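*Asks:* Take a look at the letters that make up each chain.
2 protein chains.
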Amino acid sequence: MSFLKKTLLASIAPIVLSGMLMSQSTPIEASDKHHGHDKRYAKFTKDNDLLQPRDYREWVFVGTSITPNDMNDDNPAFPEFHNVYIDPASWGHWKVSGEFREGAVIVKELTSVGTKEAPSGNGYFQGEFNGIAAMVKDSKRFDDKPGSWAFFGFESYEARQGILQDDASCSGCHKASAADDMVFTQFYPVLRAGKSSE
Amino acid sequence: MSFLKKTLLASIAPIVLSGMLMSQSTPIEASDKHHGHDKRYAKFTKDNDLLQPRDYREWVFVGTSITPNDMNDDNPAFPEFHNVYIDPASWGHWKVSGEFREGAVIVKELTSVGTKEAPSGNGYFQGEFNGIAAMVKDSKRFDDKPGSWAFFGFESYEARQGILQDDASCSGCHKASAADDMVFTQFYPVLRAGKSSE
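Residue numbers (our numbering), protein chains in the order written: chain A, 1 to 198; chain B, 1001 to 1198.
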């Protein structure tokens, strides 16, 4: 947990945030816009492992699924809530094109179920963070993979590197069942509504 | 749906986004930072109803709870997923102070359950948007309310105004059970982890 906390609290976060606010009253130059849309959120080691993305909790949230322990014989593939984010530049590109851009990064962060009862009713309520995973679209680096998407697993929050997964681990299900270019947009209403072509 | 889509796709959204990206490579002046932290996301009618917040899907996501129909006799208080966001300026303030600033806006957007089975397991997966609600902290306008938080309900996405709720409707439960200044931070790991004082 400490690495992530340090990451989120590092100096870049307030800068990003303040800039975000500033922008709402500042006209954007075409050159800045172009620069923004080129921004790369994925950085790799020489072995094509993924460095842990920074400040993804300030990216654009696209949806949450839950596969609770108690509905999966205490052994779900991903325990238990899945909070899913897309990097801001890819969100901007998605909104105008309806496509995932080159360099798109999608992060899935997992949390436990904290409780099943609350004043708002019976259900599932988020507990503690317990894992992260990511997928990156990169046609130069991963041109042999379906849709040029590579999948990465992080052993812990302290792990600086996400390990490139075998094709069988992730892309099989994503290729077979995801509605849109390997992404499960059928579960992400924010992506569906954000697509300007719809 | 159409109003919200129009809202999200209005010209402000790309400007905000591009600025957000630009900011990551642009030093922020102290004056801009100050300006950003003063930004007000809540706007009211003369009757103290809340104008529907704009572009909240690009704010900071703090967590999702779910109170599904099938766990609440088909009549949950909030059907069914609750995606919760805080405005970016209040997130920035929270990170450094651990407090909800004057003017803080928290939006809860609801979605149906789309399916209970997916390749990742059994559980609950988001379907379509079906409601929004919001709370705003404003000590001048709502000094008679617990913590100066007022609660608003929107009849639909087309409703431009969120109607100020009776104290009994919302603030009773929030006051009795929310962990931190009327906010259920016990269900929002992003808020807990983002608090720099922890």
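Keep in mind the hints are simulated off the structure, nothing from the lab.
Predicted model only: the values in this text are computed from it and were never measured.
Any given hint could turn out to be false.
[Said to hold, decoys possible] The calculated lysine-lysine pairs, modelled on DSSO-like cross-linking and capped at a C-alpha distance of 27 Å, are:
(1) LYS1145/B x LYS1116/B
(2) LYS1116/B x LYS39/A
(3) LYS1145/B x LYS1095/B
(4) LYS140/A x LYS116/A
(5) LYS116/A x LYS1140/B
(6) LYS1195/B x LYS116/A
(7) LYS116/A x LYS1043/B
(8) LYS1145/B x LYS195/A
(9) LYS1195/B x LYS1095/B
(10) LYS175/A x LYS1175/B
*Asks:* Against each hint, give a clear statement of whether it holds in the structure.
*Replies:* Hint check:
{"no.": "1", "hint": "LYS1145/B x LYS1116/B", "result": "39 Å, violated"}
{"no.": "2", "hint": "LYS1116/B x LYS39/A", "result": "36 Å, violated"}
{"no.": "3", "hint": "LYS1145/B x LYS1095/B", "result": "25 Å, holds"}
{"no.": "4", "hint": "LYS140/A x LYS116/A", "result": "45 Å, violated"}
{"no.": "5", "hint": "LYS116/A x LYS1140/B", "result": "37 Å, violated"}
{"no.": "6", "hint": "LYS1195/B x LYS116/A", "result": "25 Å, holds"}
{"no.": "7", "hint": "LYS116/A x LYS1043/B", "result": "35 Å, violated"}
{"no.": "8", "hint": "LYS1145/B x LYS195/A", "result": "39 Å, violated"}
{"no.": "9", "hint": "LYS1195/B x LYS1095/B", "result": "5 Å, holds"}
{"no.": "10", "hint": "LYS175/A x LYS1175/B", "result": "47 Å, violated"}
When the structure is compared with the earlier hints, violations turn up for hints 1, 2, 4, 5, 7, 8, 10 and for no others.
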